[in-house]
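Q: Under our numbering, residue 335 is the last one in the sequence shown; the count climbs by one each step, no gaps.
Watch out, some of these pointers could steer you wrong.
Said to hold, decoys possible - Simulated restraints on C-beta separations:
no. : residue 1 : residue 2 : range
1   : R233      : E260      : 34 to 40 Å
2   : S305      : I244      : 53 to 59 Å
3   : P245      : A280      : 44 to 50 Å
4   : P240      : L266      : 35 to 41 Å
5   : L266      : V241      : 36 to 42 Å
6   : N252      : T286      : 34 to 40 Å
7   : K288      : R254      : 30 to 36 Å
8   : V317      : R229      : 48 to 54 Å
9   : A280      : E249      : 46 to 52 Å
10  : R233      : R253      : 29 to 35 Å
To be verified - Here are the simulated DSSO-like cross-link-like pairs (lysine-lysine), alpha carbons at most 30 Å apart as the crow flies:
no. : residue 1 : residue 2
11  : K270      : K226
12  : K333      : K288
13  : K333      : K316
Because the hints were derived from the structure by calculation, they are not lab data.
In this text, a Cβ means the ideal position worked out from N, Cα and C, and glycines have one as well.
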Amino acid sequence: IYQSLKKTDKEDSLKIVRLIQRFPIEELPVVPIPNDEEEDNRRLCSEQENWTRQLTQSKNRLHSLFTQAGLTHITKKHLRTKANRETSVALLPSRYQKEAERILKVLDLVEQNLKLIEEEIKEL
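Build out the structure end to end from the sequences listed, making use of the hints.
A: Dropping the structure here:
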């Protein structure tokens, strides 16, 4: 509400009351309530953000396996596509393979979900 060091509900509510008292009700800002369609669009965008975050997190986890294995020449750029990831994972020592394969499965699922969401967004 205001830049303040004291951030409590009581302080915020007092500031709102003072604002209401100072201005006629017609001049106060109005925030429209989103309709169902807007809510659905927001939810879809939020879901896309969450899946995109998960995609980045999983790629970073996979990249960290390569770093732990000493394969520092494999960069995040190498892990962008499914084919490159599978080729790169084959280079990992066997003790890292199972974890990398599980991460690949997660990446496949996340990418499928992102593709479905993108198709849904195009239909809007």
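Q: Hint by hint, note whether the structure agrees.
A: Now for the hints, and whether the structure bears them out:
1. R233 / E260: 34 to 40 Å: Since R233 and E260 have Cβ atoms about 38 Å apart, the given range 34 to 40 Å holds.
2. S305 / I244: 53 to 59 Å: holds, 57 Å
3. P245 / A280: 44 to 50 Å: Given range 44 to 50 Å: holds, Cβ gap about 48 Å.
4. P240 / L266: 35 to 41 Å: holds, 37 Å
5. L266 / V241: 36 to 42 Å: holds, 38 Å
6. N252 / T286: 34 to 40 Å: Since N252 and T286 have Cβ atoms about 36 Å apart, the given range 34 to 40 Å holds.
7. K288 / R254: 30 to 36 Å: holds, 32 Å
8. V317 / R229: 48 to 54 Å: holds, 51 Å
9. A280 / E249: 46 to 52 Å: holds, 47 Å
10. R233 / R253: 29 to 35 Å: holds, 32 Å
11. K270 / K226: Judged against 30 Å, a Cα distance of about 46 Å means the pair is violated.
12. K333 / K288: Status holds; Cα separation ~27 Å.
13. K333 / K316: Answer holds: K333 to K316 is near 26 Å, not above 30 Å.
Checked against the numbered hints above, the structure breaks only hint 11 and satisfies the rest.
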